[in-house]
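Visitor: Here is what each chain is made of, one letter per residue.
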Amino acid sequence: MFTWACILLGGPLAAFAVLAAAAPLRRTGRPAALLSIAGMGTACVAAVGLAVTWSARPEPAVADVVWAATSRMPAIRFGLLVDGLAVCMALVVSLVALLVQVYSLGYLHDEPKPSLGRYYAWQSLFAFSMLGLVLASSVLQTYVFWELVGLCSFLLIGFWYRRKEAARAALKAFWTTRLGDVGFALGIVVLWGSARTLSWDGLFSAAAGGRLGGMALGLGVTGLFLGAMGKSAQFPLHIWLPDAMEGPTPVSALIHAATMVAAGVFLMVRSAPLLVRVPDLSAAVLAIGCLTAVLGASMALTERDVKRILAFSTVSQLGMMMAAVGAGAPLAAFFHLVTHAAFKALLFLAAGSLIHALGTNDIFAMGRLWRPMRVTAVYFLLGGLALAGVFPFAGFFSKDAVLAEVLHRGHPVAFAVLLATAALTAFYMTRAFVVVFLGTKKAEAHAHESGALLLAPMGVLALGAVVGGALLEGPIARALSGSLGLAPFSEGGEHGLIVPLLATAAALGGILVGWLGYGSRAFDPGRVAAAAGPLTRAITRRFYVDDVAVAAYRGWLALAAAVGWVDRYVVDGVVNGATVAGEAMAQRLRVLQNGKIQDALYAVGLGFLLLVLLALRGLRG
Amino acid sequence: MTPSRLLVLSFLLFSIGFYGVLARRHLVGLLLSLELMFNAGNLAAVAAAWSYGRASGFLLALFGIAVTVAEVALGLALFLLADRVRRTTTPDDLSLLRR
Numbered sequence: 001m002f003t004w005a006c007i008l009l010g011g012p013l014a015a016f017a018v019l020a021a022a023a024p025l026r027r028t029g030r031p032a033a034l035l036s037i038a039g040m041g042t043a044c045v046a047a048v049g050l051a052v053t054w055s056a057r058p059e060p061a062v063a064d065v066v067w068a069a070t071s072r073m074p075a076i077r078f079g080l081l082v083d084g085l086a087v088c089m090a091l092v093v094s095l096v097a098l099l100v101q102v103y104s105l106g107y108l109h110d111e112p113k114p115s116l117g118r119y120y121a122w123q124s125l126f127a128f129s130m131l132g133l134v135l136a137s138s139v140l141q142t143y144v145f146w147e148l149v150g151l152c153s154f155l156l157i158g159f160w161y162r163r164k165e166a167a168r169a170a171l172k173a174f175w176t177t178r179l180g181d182v183g184f185a186l187g188i189v190v191l192w193g194s195a196r197t198l199s200w201d202g203l204f205s206a207a208a209g210g211r212l213g214g215m216a217l218g219l220g221v222t223g224l225f226l227g228a229m230g231k232s233a234q235f236p237l238h239i240w241l242p243d244a245m246e247g248p249t250p251v252s253a254l255i256h257a258a259t260m261v262a263a264g265v266f267l268m269v270r271s272a273p274l275l276v277r278v279p280d281l282s283a284a285v286l287a288i289g290c291l292t293a294v295l296g297a298s299m300a301l302t303e304r305d306v307k308r309i310l311a312f313s314t315v316s317q318l319g320m321m322m323a324a325v326g327a328g329a330p331l332a333a334f335f336h337l338v339t340h341a342a343f344k345a346l347l348f349l350a351a352g353s354l355i356h357a358l359g360t361n362d363i364f365a366m367g368r369l370w371r372p373m374r375v376t377a378v379y380f381l382l383g384g385l386a387l388a389g390v391f392p393f394a395g396f397f398s399k400d401a402v403l404a405e406v407l408h409r410g411h412p413v414a415f416a417v418l419l420a421t422a423a424l425t426a427f428y429m430t431r432a433f434v435v436v437f438l439g440t441k442k443a444e445a446h447a448h449e450s451g452a453l454l455l456a457p458m459g460v461l462a463l464g465a466v467v468g469g470a471l472l473e474g475p476i477a478r479a480l481s482g483s484l485g486l487a488p489f490s491e492g493g494e495h496g497l498i499v500p501l502l503a504t505a506a507a508l509g510g511i512l513v514g515w516l517g518y519g520s521r522a523f524d525p526g527r528v529a530a531a532a533g534p535l536t537r538a539i540t541r542r543f544y545v546d547d548v549a550v551a552a553y554r555g556w557l558a559l560a561a562a563v564g565w566v567d568r569y570v571v572d573g574v575v576n577g578a579t580v581a582g583e584a585m586a587q588r589l590r591v592l593q594n595g596k597i598q599d600a601l602y603a604v605g606l607g608f609l610l611l612v613l614l615a616l617r618g619l620r621g
Numbered sequence: 001m002t003p004s005r006l007l008v009l010s011f012l013l014f015s016i017g018f019y020g021v022l023a024r025r026h027l028v029g030l031l032l033s034l035e036l037m038f039n040a041g042n043l044a045a046v047a048a049a050w051s052y053g054r055a056s057g058f059l060l061a062l063f064g065i066a067v068t069v070a071e072v073a074l075g076l077a078l079f080l081l082a083d084r085v086r087r088t089t090t091p092d093d094l095s096l097l098r099r
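Protein sequences, first through last, are from chains C and F.
The first sequence: position 459 = 459 (our numbering), numbered continuously.
The second sequence: position 71 = 71 (our numbering), numbered continuously.
Okay, chain C solo, but in the shape it has when bound:
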């Protein structure tokens, strides 16, 4: 079983190592891409092999080696943890990564060869890092891979680094997630200080045995959650994700929709046995998740950029997952993570197909694309229906699971907020679909359907978006009950029909309003937006969070400038002043050193006289 895990990590790592070391190969473009895809294909096969061998004995298994041994403290270990959660996530990551890498081959066909090779080197590094994060057996190891995926995200957002916006967005993403990661690092330190172990099973047993608890546990898990907030774009650290859309669309699909941004949710699901012991933090996670969900969905309402609509939607859906974790339902959260990975990646790839064909991101520059781009349109429709949560698509089942868990664990307010989010989601997806594919205005650019290289990966994801929910709910629940510390969370019993009915009503209501506004034009959405004046302004200004962040950033820079001034003119001033004073004194004393031997002899004579006087005093005394 661990052989499969090693092959799983080794495929992308080998591809990255070869591409990084052999620059001539990297600069060939397509061969480099094929090498990377081959590595990813190996990983995909290995993930299936891992899943099959693991399901023969479905319980957590750890293989690790001593990484850092000290005489006075327990050794820090480094290794692989294979359990249901890791296996499911590894399957999702390797499959989506493979599909996206194939898609990129078509999407980036105009890219210069060296730059295409660079792209695939980073894609391979990302796949390796993400799989390493999934299979990490200790929280420290998770952190290492966590930073690696952050680095890949930075590199791939800024892939077109000559564009100022892309470079800026890459930096924004890096700094914003780093801000959360500081909390993560502090959390690790606190956990180590109290539990003297960093392995996941060690931490869980320490918490269960009472050795890890109280303030230390609370602070440690809060630290982990801060890291997850940055990575999974939770309010108020969500500001980087919409800007991250400056990267190539396949990158947005893989990293900023399906896998890396879900790593925060994955981390919280992984540490759910710790989180459940800190009720105050759980409530905060629930609140932040709900807030993120509803704010993200409302910001998608007025957005014109098709990728940013999807980005805000990702923020919103991640908030929904986080809310489920906070409500004490990590299984529902993870289920939604898996289906979301399928349909959101599908939506991004379909959006990429549109952008590839039309050369614009603005949905109002598109229109009536149903006929010329029928396959893309169908895929977008399937993805949109899954995201909106319409029966029997994947999103319906996972969203229903999240909503039911939140309601039945006694959080009616959170349930209402998430239900409203679901309605908003259905509305903005309808708006995007109707404007792009039906619409009244014809697209300015000449539209043509994309090639098979783009459509085939979307087909696989579309399959997941359609049947993933109905087919995967059982297997995922079984796999997670064989995961480290997650067995107590497996919920039992039926919740009745009320939640699915409400969710369906919300989805259909959203779709209906969207159709009335943008399809049949029964009312003018622009007038509604104008009537809701201040709210619309707040939404278009992204609730002023970006402004606050910019102000904080500028304030921080000003503080740094002030500190720099103090350092340059006060601290350095003291040092420079000392040298200036020393030199001035030396200039005064220089007069004595005039080079005339007879003057020097005077000094010798005087010194001798002084010695004689001292000797006489000594003799007398």
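I should point out that these hints are in silico values taken from the structure, not numbers from a laboratory.
There is no bait here: all hints are sound.
Result set (EDC-like, lysine to aspartate or glutamate): computed pairs, CA atoms no more than 16 Å apart in a straight line:
{"hint": "1", "chain 1": "C", "residue 1": "Lys441", "chain 2": "C", "residue 2": "Asp362"}
{"hint": "2", "chain 1": "C", "residue 1": "Lys596", "chain 2": "F", "residue 2": "Asp92"}
{"hint": "3", "chain 1": "C", "residue 1": "Lys596", "chain 2": "F", "residue 2": "Asp93"}
Given chain C's structure and the hints, the job is docking chain F onto it.
Guide: Chain F in isolation, oriented as in the chain C frame:
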């Protein structure tokens, strides 16, 4: 002539020589004053030898005279060179080591 008087004479010679070394503005004069100081030293050694009845003081004086001869030869050679190269016989002008 008692040893103590010899010592007083030696002290006077030394002082006059030292004054000459400090005050003369000609290199040869400086060298002459230096010779006075050397001889004051020799005289003190002889006085001590006489007083304690040992020969080592006389020997020291003899060696001192020999060294003085060598020193005078070397010093005069240097001053001749200074006169030729730097065109000066004044010690104050030989201040290259100041910087």
